Amino acid sequence: MATKNLSVFEAPALSAADLKFGIVVSEWNPEITNALRDGAVRTLRKYGCNEENIIVRYVPGTFELPMGARFFAEHTDVDGVIALGCVVKGETPHFDYVCMGATQGITNVMLEWDMPVAFGVLTTLDQQQALDRAGGRLGNKGDEAAVAAIKMVRLQREFELSATSSLDPMNVN
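Each position in the sequence shown, counted from 1, maps to that position plus 201 in this note's numbering.
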């Protein structure tokens with residue numbers, strides 16, 4: 202179990218200045234998901250992403266996050282997507298199905314569309330654990346998902362640039 206604020210990290214060379222992101226947010230559990238959204242937006246802005254390059258859309262619940270991410274990939278020109286949701290364990294197996302569907306679905310969108318999709322979904326045992334991870338004593342998973350999205354878009358661009366330059370007959374490396 203996490204016992205420290207996991208949202209404290211050093212990323213001085215990180216820049217989102219020329220990037221565009223979609224953020225898909227679950228409407229279910231809005232006290233948590235809106236805090237995650239606010240953290241993600243704040244972090245993107247901190248690293249230089251322009252406000253007009255941050256597009257936020259909502260889906261009914263965490264299970265629908267993969268489809269929301271796919272809509273961003275299919276219908277917009279974003280460089281990456283940040284998926285934000287929260288599932289609090291209850292007394293039925295519903296938790297397991299929603300978590301598994303969201304995880305597999307988001308992974309599938311990433312691989313099918315060749316686009317980074319950051320997984321900012323809290324899967325907690327109770328509401329307090331969610332609050333602790335949505336801006337509380339353990340940080341904000343929205344911050345962490347935004348940093349992951351920036352890093353993955355940058356990595357993808359590095360590889361694309363490397364592949365392009367290695368195909369150049371003038372490149373003797």
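Treat the hints as calculated values from the structure; they're not laboratory data.
Every value quoted in this text rests on a predicted model; they were computed, and no experiment measured them.
Where hints are given, some of them may not hold.
Stated by the list, open to error - Straight line, CA to CA, 30 Å or less: simulated BS3-like cross-link-like pairs of lysine-lysine: (1) K221 x K290; (2) K247 x K221; (3) K221 x K352.
Which hint numbers doesn't this structure obey?
1
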